[in-house]
Every structure is written in C-alpha cells, then in structure tokens.
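Trainee: Chains as they are written, first to last, in my numbering: chain A, 1 to 99; chain B, 1 to 208.
In short, the hints are calculated from the structure, not lab data.
Be careful, since some hints might not be right.
[As the list claims (entries may be wrong)] Some chain A residues close to chain B (C-beta under 10 Å, calculated; not the full set):
#1 Met1
#2 Ala13
#3 Ile27
#4 Tyr28
#5 Ala38
C-beta: ideal position from N, C-alpha, C; glycine also.
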Amino acid sequence: MRRRARRIRRAVAGLAAALFAIAFLAIYVQLASGHDPALVANAARRAAAESSTAAESSSGSESSTATESSGGSESSSESSSSAGEESSSGASAVTTSQS
Amino acid sequence: MVCVQAMHTTNANILATAVGPHLFWMTSRAAGVAALVLSSLAVCVGLLIGGHLVRGHRPELRVAHEALSLATLATLAVHGLTLLGDGYLHPSLGDIAIPFLSGYKTLWTSMGIVAFWALLALGLSYYARNRIGVQRWRKLHRFAALAWILGIAHSLGQGTDAGQTWFLAMLAIVVVPAVGLLLLRHRRPAATPRPASSAPVPQASVAR
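Can you build the whole structure from these sequences, using the hints too?
Mentor: Right under this line is the structure:
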C-alpha cells in the first residue's frame, strides 16, 4: 500500500506540473499571437480613446480653420487615420500593458 | 536564407521581449488554471469517498484526495505569490492575503482570498482531526466545497481568460461532474460509518 500511495502521489505531482505547463503554454501562445483577452481589450480601449481624441481635434481644427483651404482638413484626416492604424496594430502587439 | 534566419531571430526577440514583462502574470494565470482543475478533482474524489459511491479502492482514493488537495494548495500559493512580481498590478503582500484590501476588482479578489484561506484551514485541519474530534472535523470539512465554489466564482468573475472558449470548456469538464456529485451527496442521507462487522478498515481511513 505504501508503494501504491507513493505512486499515486507521484502521479498527482506529475499531473499538477503537466496542467501548469499546458496552461502556461496556452496563455503564452495566446499572448504571443496577439489574442490575449486582457491586452486586446486594453488596446481596443486605447484605440477608442485615441480615435475620439483625434475626432475632437479634427472637428476643432475644422471649426477654427473653416475659411482655410481644403488641404488642412486633408492633413487632419490623414493624422487621424494613421492614429487608428497604430492603435489597431497595438491590439496585436503584445508589449501593451494588461488591463 | 540569411534573410529568413534574420526574420526568425527578430521574431524570437520580439516574443522574448513581449512575454518578459508578463512572465509573473502568465505564471499566476497558469497556476490559477491548474489550481482550478486540481481542486475540482479533489472535490470529486472527496465526494466519492464521503458518499460511499465507490466500492473498494478507498485507501487509494484517500491518498489521491490528500495529494490533490496539497497540490491545489501549492498551486494556489504560486497563483498568489507570483502576482507580487507583476509589474502592472504591483500588489503588496496584504493585497493578496487580506480580503477587501486590494483596490483591483475588490469583491472578486476578496472572494479568491477567502476561498484560499478556507481551503488552507479546512485542508490542513485533516492533520489535526484527532484533536478537533473526527465528527466535528467531518462537519467542518463539508465547507471545503463552499470554498471551492467561491474559487470558481473568483475565476469566472476576475479571471483574464474567463470569457475564452478553452477556459469555459475546461471549467465545464471539471466542474460539472463535481457539482453533480455534490448534488447527489446532498440528496442522499448523510453517510453513516460502516459497521465493525464489515471488511476491516485501515486505521488511516477511519478518520474521513
């Protein structure tokens, strides 16, 4: 019985180590592939904040420079779209801070 | 060829720098997942023993229950202590050990902390059951199932992976049988100790 008990204890220790390793690997793959739920949510939140800030600034510049040529509004839309790209790529980047 | 090799090296470097800051967080999450599975298995085995649902192999089940419970406590300790190294949360020892102290998702965090202390106390009380009194200890030990339920609630409410399909599938696989056994145990009348005339019971198994 003592030998059997030792075998059971060893099996449970192995199971615990295997479970930990599998879970760690799954989380690692999820994180490295840019699908980590916390990081994606954080990146999406940041993107939304950036896009709203960009929209606010572009609407502000439009109202203040209403008499200016259309080149000004083009540049503002360019800047907002580039900000959007940055934030969307931020969702796949894994170095963003967790939520 | 050189270009491909350089790309692989770059990718490896990106992954290394990407995972580095999250190492403690990832370790804590993995330990939490392992603890969830191990605790569910421990509850299942405990209910099989307590409800006299398995004939024979009782000493082996008892050893398995004890080992699973200790493994659960060890992984829970890793789950909490590795959070101390997390660069985002920066929790203090009090934040991870004292309920309602942490400002981060206070209710769910506290639920996890209470579950851990309850599991620790109820689990380790096994070694003091003679001092406590076997009948009293048995009654107390039933609350371990409640602590396990608190732990599940904590994982669903606070777990980063709580919304993930793989996590929910894993949770269902380990939790549903345990809940079924728990319901079965509560429907059946409390198991009475076997009469002395039946097969001899080993000394160690008398306690539970």
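Trainee: A separate judgement is required for each hint: does it hold in the structure or not?
Mentor: Cross-check of the supplied hints:
1. Met1: With a minimum Cβ separation of about 6 Å from chain B (threshold 10 Å), the hint on Met1 (chain A) holds.
2. Ala13: Given a least distance of 7 Å, the restraint on Ala13 (chain A) holds.
3. Ile27: With Cβ-Cβ at 5 Å, under 10 Å, it holds.
4. Tyr28: holds, 6 Å
5. Ala38: Holds. Min distance 5 Å.
Comparing the model with each earlier hint shows no violations; every hint is respected.
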